[in-house]
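> Take a look at the letters that make up each chain.
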Amino acid sequence: MTNERKPQILVTGAAGALAQQVINRLRDNYQLVAVDFREQVYLGDDIPSYCIDFNKRVFEDLFRRFQFEGIIHLGRIMSSQETRMRRYNANVLGSQKLLNLAHKYGIRRVIVLSTYHVYGASAYNPALIDEQAPLKGVGLSMDLVDSIELENLANIYLWRYPDLNITVLRPCNIVGPGVRNSISTLLASRRAPVLAGFSPMMQFIHIDDMADAIVLAYRNTVRGVFNVAPDDWIAYQHALQLSGCTRVPIPSIPPVLPRTIARLLKMKSFPSYLMSFFKYPVVIDGRTFRDTFGFKPKRPLKEIFRYYRENKHPV
Amino acid sequence: MSLRSFIKEKVVPQSLEDQINRIRKPLGSLGYDPWGYNNDSLKIGFSLARQIYEKYFRVVADGVENVPDEGPVLLIANHSGQLPIDGLLIGVAVASRPKNPRLPRAMIERFFPTVPYLGNMLNQIGAVLGDPVNCAKMLANNEAIIVFPEGIRGSGKLYSDRYQLKRFGNGFMRLAMQYNATIVPVGVVGCEETIPAVANIRPLAKALGLPYVPLAVPFVFPAKVYLKFGKPMHFDNADIPEEKVTERVEVVKAEINELINQGLSERKRLF
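Protein chains in written order, with the UniProt record's numbering: chain V, 1 to 315; chain G, 1 to 271.
Just so you know, the hints here were simulated from the structure itself, not pulled from any lab data.
Hints should not be assumed to be uniformly reliable.
[Stated by the list, open to error] Among the chain G residues that face chain V by a calculated CB cut under 10 Å, a handful are:
id	residue
1	L118
2	G119
3	P132
All C-beta atoms, glycine included, are put in the ideal place defined by N, C-alpha and C.
This is chain V alone, in the form it adopts within the complex:
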């Protein structure tokens, strides 16, 4: 087998739809090793797949067994999954373990997937937020704290160990087939809650485009933090309409009312701590990534919403 000569990459979060798209794009030219703390996934005979908690000592054995050239860290638990404590352990402490091992074993390229949630949704947000804007996510909700901590950590390692060549990607809403995050669940449902009188501008990126972006970033070694978003925008309620969702308005003022309702509804896709994201826009500026890496998303918004319109599952 020529596998021995191919460069080796560790891909985390392998059970997710995005990781599988990334793996499909890289499997011909790289030898991939997949890990996920949730479950062991079968990705074909040529890709070893493990179910490992990064905080366990056996995780290091992977680094002893393979000579990784790079790591694509997509294994961030989203806020809708798990408890706060477990999320913190996995996202922050787990990532730290991963970055320490990366340094110890001389890894030369690291991609970390973050989220636009780190900017926080506030009434005073300007549109087209730059990468250097302050991260206000913490001020809004303790549930988003781990995503900011993860970024903070990645940034410390970015400067302390430049040889790791860390690139942090902050994508807008990732949507499309197989995506299980909260916004994708909402678009796929028949009825979706909205805050009465609020329809913030949103950005969506197709999962295939996002996978392209990650592969592009991996192949072009430019360190730093980058927003990833197409130059296209739509209001939340309009996006729901185009996806064939019936909008269910929830009273929006005073702010405590929608939060309480969301808490009572206990909808995974409409959690109370994301309430401000359904109220105020967080429009990020993806132009630096576009220009630095030559990124061009190929799937237009219309195509994304058509997919959701045609693939409704009963709630």
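Take the given structure of chain V and dock chain G to it, following the hints.
Only chain G this time, still in chain V's reference frame:
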């Protein structure tokens, strides 16, 4: 399909539709821009606003051709009349000029985005949260932007202070210099008489979290409005201290004062 397209069909005449379509704005594939502007909503808003402009305030706009056809522009005007009617009228004047119409954006108070329905509505017709980052990015996008450097000091003015310019902020000058934007001074005459206020009820404003609550007749008077667009002004991007910037702001302010005086002397009666 939606309520919006239904209303649009009812109220927007074809000529206006063509007028708006002639104005090209950098929009996404679904007709939105990053600040929430939407072409269809604008057409509805514009057809209503033009009625108000022509029939209610019977606006006389003078020198609207002074607004450059393209490139970044800051329309700097005096603010008055409690509600941002002046911004609306300036916007309609520039958007309905026969030659090379433009759709100027207005910077709005930070309080608006928190108001349900209204905040979204304002965004959709082109109003944008008054944040320096927004202003900078829009100038980089070659937009024309309406700015009231007096801010709430101007709009919350009492009737006894009418046509006296309050302190101008320096932010607009810094941005104009940085982005090589043309400044067009605008004198607004008539809006002071639309909602004459005799006092500001401060405790109530504080309790409601509003910038001011005027003590006034709850009625918008149909005062005749005169808009005086001055000659375009350019300022280089020299590295100068704040006091020099203030001097430049004073030049613009003096120009606006002059335009207001012209408008006042042309005005024969209030209504």
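> For every hint, state whether the structure bears it out.
How the hints compare with the structure:
1. With 10 Å as the threshold, the beta carbon of G/L118 comes within range of chain V, its nearest partner Cβ sitting at about 8 Å, so the hint holds.
2. The beta carbon of G/G119 comes within 8 Å of a beta carbon in chain V, closer than 10 Å, and the hint placing it at the interface holds.
3. Taking 10 Å as the C-beta cut-off, the interface hint given for G/P132 holds, the closest approach to chain V being about 8 Å.
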